[in-house]
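Just so you know, the sequences run in chain order A and B.
Per this note's numbering, the first sequence starts with residue 1, numbered consecutively.
Per this note's numbering, the second sequence starts with residue 1001, numbered consecutively.
Calculated from the structure, these hints are not laboratory results.
Watch out, some of these pointers could steer you wrong.
[Unchecked claim] Take a look, some chain B residues computed to stay more than 10 Å from chain A by CB distance:
1) R1006
2) E1192
3) T1345
[Claimed, not checked] With the Cβ distance kept under 10 Å, some of the chain A side facing chain B (calculated, not the full set):
4) Q82
5) E144
6) I392
Just so you know, even glycine gets a beta-carbon here, dropped at the ideal spot from N, CA and C.
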Amino acid sequence: MKELASRALNLAQTKGASYADIRITDLKTQGIAVKNGIVEAISLNTSHGFGVRVIVDGAWGFASSAQVESKEVDKITALAIQIAKASSLVKGEEIDLGPVEAHRDTYSTPVAIDPFQVSMEEKIDLLLACDEAMRKTKGVTVAEGSMLFIRERQVFASTEGSFIEQEIIETGTGLVATAVGEGEVQKRSYPNSFGRHQGTAGYEFIQKYDLLGNAERLGEEAVALLSARQCPSGVATLILGPTQLALQVHESCGHPTELDRALGTEASYAGTSFLTPEMLGDFRYGSGVANITADATLRGGLGTFGYDDEGVPAQRAFLVKDGIFVGYLTSRETASQLGQRSNGTMRADGWSNLPLIRMTNINLEPGEWELQDLIADTDDGIYMEMNRSWSIDDKRLNFQFGTEIAYEIRNGKWGDLLKNATYAGMTPQFWASCDAICNDKHWDIWGTPNCGKGQPGQAAHVGHGASPARFRNVRVGVMK
Amino acid sequence: MLGRPRIRERIEHALSLSKADQTEVVFMGESEQLTRFANSYVHQNVAKEDVDLRVRVAVGTKIGIASTNDLSDAALCRVVESAMTAAKFQQDNPDFISLPEPQPIREIDGFVESTAACTPQKRAEAVRSICLPSREHALNASGAFATRSFEYSVGNSLGLFAYYPTTLADLRTVIMSDTGSGYAAAASLDVEDIDAESLGQEAMDKALRSRSPVDVPPGEYAVILEEYAVSALIAYLAYMGFSAQALQEGRSFMTGKLGDEVTAETISIWDDGLHPRNLPMPFDFEGVPKQRVDFITRGVASGVVYDSYTAGREEGKESTGHALPAPNSIGPFPWNVAMDPGQETKEQMLASTKKGLWVTRVHYVRPVHPLKTIVTGMTRDGTFLIEDGELVRPVKNLRFTQSILEALSDVEMIGHDTMMGREAFVENFIGGVRVPALKIGKFTFTSTTEF
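Excised from the complex, chain A in its bound form (with noise of 0.2 Å):
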C-alpha cells in the first residue's frame, strides 16, 4: 500500500500538483435482514479501491478506481490531474489548505467484541426470536428486523508526508413493527428509525440494546396507534424524546454548521445555511440551556474516528455555546478562509468519492433535570418521539418533523397515546423556548447512517448525543 500512495503522490507532483492525497480503502459488510419470521436476506459484500486528490494550477481534481494496481494508479492520478487542469478553466480564489496536516499514526475502534467473529447463527437466532415477539400482538402486519457489520480499512496518504492507517469497525441493528388497519399505517421502531441504529462498536453494542427485551412493546404500541386519538393542533409544550431530538440536532443545528453550505458550495443540491459567518459569535441560536459540540472522538458514536479524510485528527469543538452561535463544522479550505484550523470533519462515502464537511458526532449536551421531574413540572404538553417524517429548508430555517409516537402529559403525569404527531417551526425561534434538558442519565449517542449530501450523492454515518429535553409554544398536529 505505501508502496502505491508514493507512487501515486510522486507522479502528481511531477505532472505539476502542489498538494496530492489518495485513500486506499478496503471495506467489508455483513448484513441480514428478516422479516415475518423468514430471513429476508444474508448479504456479505466486499470493495476496493482508492481515490487520488490533487490540486494543479489553483483547482481541484479527483479521480478514483476499484483497480489498485501500479498501473491503474498512473492512469488514474494522471485523470485527476487533467480534471484540476480543466477545473481551472473556471478558477475561483486560489486554494489555501491552512497550516501543514503531517501525520504518521494508526487508529482502530476499540471494539469489544469482533462483530465479525459472532457466528451467523447467534445474530438470525437473535432477529427471529424478536421477529416473532413483534408478531405476538394481533393485528401486526409486518415485522422486520436487522443487523449491519461493517469493517473498512483505510491508508490516507499526502504530499505534506501523512501516512495514516485507520480501521473503523460499525455495528448496526433495527426493529420494527408495522400495524395497518382504521385507514392508517403505524410503525415503531427500536432502538431508531431510519431503519437501524448504528456506532462505531462491536457486537456488545448489539447486546446493550437488548432488542428481544424490546421486541413485544414494538408490536403492542404500532397497533395501539391504529386507534390512538389524532394528535390535536394548536400551540403546545413540547417534550422530544432523545431519538426525535437527535434528528432535530442533525437538521437544525448539524446541517446548518456546515461551513462549505454556509459558504455558498451546496448551493445547488441540498442548500445553504441561515448561520452565515458574520454571525459566528455573537448571534443567539438558542436559549442559554442549549450547549451544542461536535465531538469526534466519544467512544462508541457512528461520527468516531481517528483523523478525517484530509488527515486532521479527530476533535471536539463547540458549535453552540450557552445558546451562542461559535463554530462551525471544517474543512483544511474553508477553515482557512475564516483564518481557523480544520475541525477535522471532512469524510467521504469510500475511496470511489471526494471528502466532504461531513456531521461527526454533533450532540445537545445533557442538562440537569430528571425525566420524571420535567414531565411532574409540565401542566400540560405533548411527549413525541422517533422520527417517522422530516422536511426543512434550504437555508435550514423552516422545518416540520413527525414522529412515530406522542403521549399527551396532562397536570404533570402521563396522558393518552396520540397518532401521527407532528410539529413544526423556525430554528431559531424553537431552540429559543428550550427551558429544559435531561440528565446524563438519559443521555445516548444515536447513530443516523444515512446522511445525503453532496453530487455525486453520498451517505455519510453520523452520530447525535442527545437526552430528552423541553420546548414552549411549538405548534403542533400540522395534518391537512
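For chain A, the structure is supplied; the task is to place chain B on it using the hints.
Okay, now just chain B, sitting in the frame of chain A:
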C-alpha cells in the same frame, strides 16, 4: 466500459463456479464524471469508475447473496462461496419459486458515444457558459454537470442473459441573487441535447425576477406547478404506492382502491422502461423484460409493478420487470414513470388564473400520511404571486402540507410539454419521471419561511 463479451464471460464464469440449485449474477458497472460549480467557479470535479457483481444463489428455497467489486477469478470464487455460505444459514423462503426463465428482450440503443466520451474540458466549457453571464449580472451560479456511462447485465443458471449499455448527461443549476434564486435542469442520453447556456439563461432570468420577495400568508391557493415541482411529487406518489409489495402489505394508497376513481379523469400515470423518451432500460435486475404498467388510467387506479417475489404471492401474476437489485426491503419499484400531457401551455395556465401561486420547484418532500398521500415540503428557487393572469411579484418560500391525490383530483389544466425529472429515487440508475406542468385549483400551504 468492459463491453458485452467481457461481462458475459465473467458472469458465465461465476455461474460455472456455483453448486447451488439456481444461481443468478447481476453486473452493474458505472463510469461517472461530474463537474460541480458554486459561487460561479468549479469547486469539485471528479471521475469515478466502479463495478458491482452480485451473486444470488438458491439452494432449494434458501437464498444467499454476496457481492464484490473485484472481477478476478479469485474474487469470483470468493463471492460465490460467500453467497453459498449465506444460503447455508437461511431458512426456506416460501416466496421464492424460481429465478426467471429467459424471455426475449427488446434491443434498445441507449448508448450515446458523445456522452461516454465527454471530457472534463467540455464540461468545464459548458459550466463556464453558465458562470460567466452570472458573474456579469452579479449573480452566483452553482450546479453540477454529470456525464455517466452504465453497463447493466444479468445472467442466470436457467440460461438467461441480458446486457444493456446506456449513457446519461444531467445538468442542474441554481443561480442566486442576494434575495432570490432560479433553477433549471435537463437530462438526456445524449450530452449534445444539453444546452447549458440556455439552462443558465432560464435560471438566471428567474433569479433576477425573484429578487426582493414579499410575504404572503399561508393558506389555500390555486397553483401552477412547473414540471420540476410535479416530477418530485409524482416520484413520491410512486414511492408511496405503486409497488406490489406496498399493496400486499396494505401500506399503499392503492390497497383496496384498484378500479376506483382516485384522481381527476384527465390524469394518467404509467411506467414504461421501453419508451425512448423515458431514459429507458429494457429489463430489470432479475433480467425480466420491462412491461408497461398503468398506475392511474383516466383517473382510475389500475395497477402496480411486480418482481418475481411479489408476483409469486398472487395467483396468476407475473413479474412486470421491476425488480431492484437484491437484497432490498422496498420490493419492486418503477423507475421510468410518466404522466400523460394535456393541451395547455404554462402561459395559458397563467392567463386563466385570477389569484394563485407559481411554483418553480419543491424541496425536501417527505410523506406525512402515506395512505392519504399527504406530503410536506418547501417551495424553492422561484415562487411568485399570480394576480389577474400575471406574475405580479416574487414571494418568500412556503411550506405545503398536501395530499397528492387530492391535488390531482383538482387539476384544472395540464401542460402539453413534458420534462424528464431525475428524482432522488432513481439517482443511482438510468430512468426518471417525465411529467407536464399542472394547474391545480387548491393547494394547501401551512407556513412560510424568511427568504
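In ascending order, which of the hints set out earlier in this document are inconsistent with the structure? none
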